[in-house]
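Number of protein chains: 2
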Amino acid sequence: MWKPDRQSKKPLYEQIADHLEQRISYGEFPPGSLLPSERKLAEQLGVNRSTVILAFAELRSLGIIESRSGSGTRVSQYKWGATPKHTPNWKRYAEGGSFLPNVPFLRRIREALNQNPTLVDFASGELSADLAPMDEIASLMRGHHYTSYLGYDNPQGYTPLRQALEKYLVKYRDIQTTESSILITSGSQQSLFLITQCLLSPGDAVAIEDPSYCYSLPMFQSAGLRLFRLPVDRDGVQPEEIRNLYKKHRIKMIFTNPNFQNPTGTVLNDERRNKLLEIAAELGLPIVEDDPYSLTDYAGVPRPPLKSMDTTGSIIYIGSFSKIAASGLRIGWMVAPNSIVERLADARQQMDFGLSVIPQQVAGQFLKSEHFEPHLDRLRMQLLYKRDLLIEALQKELPDLIQFNIPQGGHHLWCKLVPAVNDAKLLEESIKNGVVFVPGSVYGSDSGFVRFTFARAKAEDIGPGIAGFAKALRELIH
Amino acid sequence: MWKPDRQSKKPLYEQIADHLEQRISYGEFPPGSLLPSERKLAEQLGVNRSTVILAFAELRSLGIIESRSGSGTRVSQYKWGATPKHTPNWKRYAEGGSFLPNVPFLRRIREALNQNPTLVDFASGELSADLAPMDEIASLMRGHHYTSYLGYDNPQGYTPLRQALEKYLVKYRDIQTTESSILITSGSQQSLFLITQCLLSPGDAVAIEDPSYCYSLPMFQSAGLRLFRLPVDRDGVQPEEIRNLYKKHRIKMIFTNPNFQNPTGTVLNDERRNKLLEIAAELGLPIVEDDPYSLTDYAGVPRPPLKSMDTTGSIIYIGSFSKIAASGLRIGWMVAPNSIVERLADARQQMDFGLSVIPQQVAGQFLKSEHFEPHLDRLRMQLLYKRDLLIEALQKELPDLIQFNIPQGGHHLWCKLVPAVNDAKLLEESIKNGVVFVPGSVYGSDSGFVRFTFARAKAEDIGPGIAGFAKALRELIH
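From first to last, the protein sequence lines are chains Y and R.
Quick note: the first sequence uses the UniProt record's numbering, first residue 1, plus one each step.
Quick note: the second sequence uses the UniProt record's numbering, first residue 1, plus one each step.
Bound-form chain Y, shown alone (with noise of 0.2 Å):
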C-alpha cells in the first residue's frame, strides 16, 4: 500500500492529493464515484485525518471531486472532458449480485488487521508463521523439481497427492479409500462452497450445529439455503433433535464438526456418533463431516473421524493442511461417493480451472516426508502451550468476568462473558486497545460469547493482548 513519503520536502497534503489524482485517472475511482471517507484514509495512509482534509480541499478546488455533506466524497461527474459520459453505475453492479457479502462484524476485523498489524490477532483461524512448517517446506522445495508439469490438472487434484492423501487417511483417520474417491480442494472453505453450490437447491433445509463456524459463512445464505440449529453441549450436538428437523422441515443434509469443534472445542461423545450415523442411515440422510483439527488433539492419539465408523456411505469428509501445517498452501481435500466427487470436481472446472500443481506437489512431498510426524508433534505442544498461555492470562485478568470449558485439541477457546456487554461495542473498545476476537454472535449464539483463536498470536503476544481486551471489557460495563 503506498504512504506519503515524510522525508520529502513536499507537504503530506499535497503527496496525498496527487497520489488519489493519480488513482482517480485511471479509474480506481470512476466519476461520480464514492472515495474512502477522510477517517478511513487517514488510517490506511498513517496521517492525521487534517491531513486528508487538506488533500481534499485541493483536489476540490481543482474541480476533481466533489462534497456534499452527508453524503462523502466523491469524484466529480465532469471530470474527464466537458462531454459529460455516462460511466457505468458501478456502485449499483456491485451491490446487485446474488453472491452474498461477507458478515459485517468479519469485514470490520479484517480491516482493521490490515490497516494496524500490530494488533493481537486473536481472530484469525490460522496457525501463526512459527507454528507452520517453512523450513521444512523450503528444504523440500530446493530438493525437488515441481515444474516437470505446467498444464492443466486432472479435474479431481494432481494425482501424487490423491496417491499420498489415500495413505494419510489410513494411517492418521482410519478412513479406507482409494485415490479415485479424493477430490483436491482450495482447502475446506471450497469443499464447503462446492457442495452448497452444487448438490442443494434455494430453499432445501439444512441443520448445522449451533454455535457453528457455518453461521459465518454468506454462502450458505448465498445458496438461499434454510438453516436449523442443532444446539451443541459438552459433548456436541444431541442426534435425537435430527429426527425432529427431519419431521418439521425435511432437512437434506447435516453439517457437522465432531472433533475439538470450531467454536467451542467440543469432541462428540461415542454413544452419539452411534446414535447420529443410526438416525443419519434411517433417514437417509448425507451427513457432511468438517475435520480440520483433529491432528492437534495434545494428547498426540487423535480422535478417528464418524467417517471411519460409516457403513452405509451416508458421509462427505473433508480435510484440510490449513490448520495443521500452513492455510497458505491452499490444500484441503474431500472423501465422497464417486457420483459426488465427479460432479464438484466437473464444477469446481467452470469455477477456477483447478488449482495450481505446484503448492499439491508440495503438500505431496511433505505428507510423504520425514518431516510430517516430527512437524505435528511439535504442533501439538505448541498449540497446548499457547493455549495455557491464553488461560492463564484470562484467569488472571478476568477471573470472575469469564468462563470456558478447557479444550483438548483445536485452535479456538470459546468463552461466555459473565457481564452483559454489546458485542460491536465490545469489538471496537477491543481494537483501541490494540487485540481483535471473533463475538460469538457471527456463530449464531446469543452475544455474550467470545472466540478467541490462541493458534495465530505471537505467544509473547498473548497476555498483552488479553490485557487490552480485559481493559475494553472493564471500561464498557464501568
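Among the hints, erroneous ones may be present.
Stated by the list, open to error - Taking lysine-lysine and the PhoX-like style, the derived pairs with C-alpha atoms no more than 20 Å apart in a straight line are:
| no. | chain 1 | residue 1 | chain 2 | residue 2 |
| --- | --- | --- | --- | --- |
| 1 | R | Lys-432 | R | Lys-40 |
| 2 | R | Lys-40 | R | Lys-425 |
| 3 | Y | Lys-167 | R | Lys-3 |
| 4 | Y | Lys-40 | Y | Lys-3 |
| 5 | Y | Lys-368 | Y | Lys-40 |
| 6 | R | Lys-167 | Y | Lys-3 |
Simulated from the structure, these hints should not be mistaken for laboratory data.
Note that this is a predicted model, so its numbers are computed, not measured.
Could you slot chain R onto chain Y? The hints should help.
Chain R alone, transformed into the frame defined by chain Y:
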C-alpha cells in the same frame, strides 16, 4: 488410476472383481448406486469388455452387485448387512444443485483424453509442455526462498505480485493502474466466475460475441443470465449492434476478447474499437475485456487492449498467465474500479479463501526476471511455427473441404467445413482416428465449424493428427 497387473498369476477378471469390491466397500459406490458401464470400465482399465463382463458376473454371484437389463449395473441395496439401511440418494444430490454441469462435448473430450493420453490434442486451450518456461521457473524456485509467509493471503492477492503486475501492465499493455486496483485470480476462468456471480443477477441480459468462448461456459447459464449475440466477422464485432441489443433487451454488460479472439483469431479493428467505447460510454454500459492472447502476437508488437483507451472507466480488464506462460500456475488478474475489486475480493474469500501464495511468488519473480522477454520471443516463434505446420497439413489433407482465415496471434485456427457433417459423429469418428478438436457449436456457432488449437499438440503430432481428422471427415461424407 489403478490398472490390473498383467504379470500376476491371478486372472485379470478376478483382480478387477477384487478391486471393484474394495471400492464399493470403501463407499465410492454406495448401495443402490450405478457402476460405470462395461464399455467405460474396459476403456479405463485397458482390458477387453469380456473381462469386465466376467468380473461383474463374479460380483453378482457374491450378491454385491445387481444388473437389470436396460438400467445398468448397481451396487446391491442389501450388501451391507441384513437390515436394509438407507444410504442417501446421492444421485439425486449430484443432479440437484443449481450450478450446471459442463457442456457434454467438453466432458466427452476430457473423458477421451483421460482414457487415451496418446490422442493428438487439438482441443485443450493451453500451451504444450515444451512451450512453458519450465526450466526458467525451476531455476527461480531453486534460487528464492518462497516460504517466508505461508498464512492466508491478502484478499486481493499477494502484494509483491500486484506490484510486479502494475509495472507489467504499463510496459506491455499500456494500462496505467495501481496495485490497489488489481485483483489476482486463479486465471481468467475465476475472473469471469466472480463477475457473473457477484455483479449480475438471474435474468440480467448480457452481450457476448458469436462465436465465443463464453458459450462454452455453463457459468453464464448457471448465473441465470440471458445471452445475446454480437456477430464476429473478419474485423471483430459490429459495435452498432450493441445499441439495438440495449434498446430491445436492456443488456447490462458486454463481454469481448478484442485481440486474437477465441475461437476465431480475429482482431477488432481501430474504427470499431473507438465506436465500441463511444457507444458503451453513451449507454453507461460496462465492458468486460478478456485479453489472454495479446502477447503471443507473432509479429512481436502486441496490440494494445481496449482498456488502454478507456477514458470513462467503463472496462473491467482480465489478463492471465495461462496462455503465455503456464496454465498450471493458475494465475490471472483483473483491473477494475475500487468498488468492484473490493466486492469480488470479499466474495472470493467466501468461495476458496484466496490463492496459494507459492505460485503467486513464483509468478511475480518470473515477471521481473531476465527470463520473461526471451521466453515470450521463443513462444511467439514456436506458435507461428506450429500454426504453419497446421495450415500446411490442412492444405495437404483437405485442400477443398476446409476454409479458414490465417490468425496473426493466439492459439487457435477456426475452420469452416465445406461439406455438411454432424458435429457429434465427426468428433466420435475423429477420436477413433486418434485426434480430438472442439466442435464449433460449443462456441455458439451453427454446426460445420471446428476449432483447432495448435498450441497444445507437439509439433511432430500435428501432421499425423490432421491426417486422422481428414480420414474421419472423409469417412463421414462418403
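Worksheet item: Looking at the structure, which of the earlier hints fail to hold?
Response: 5
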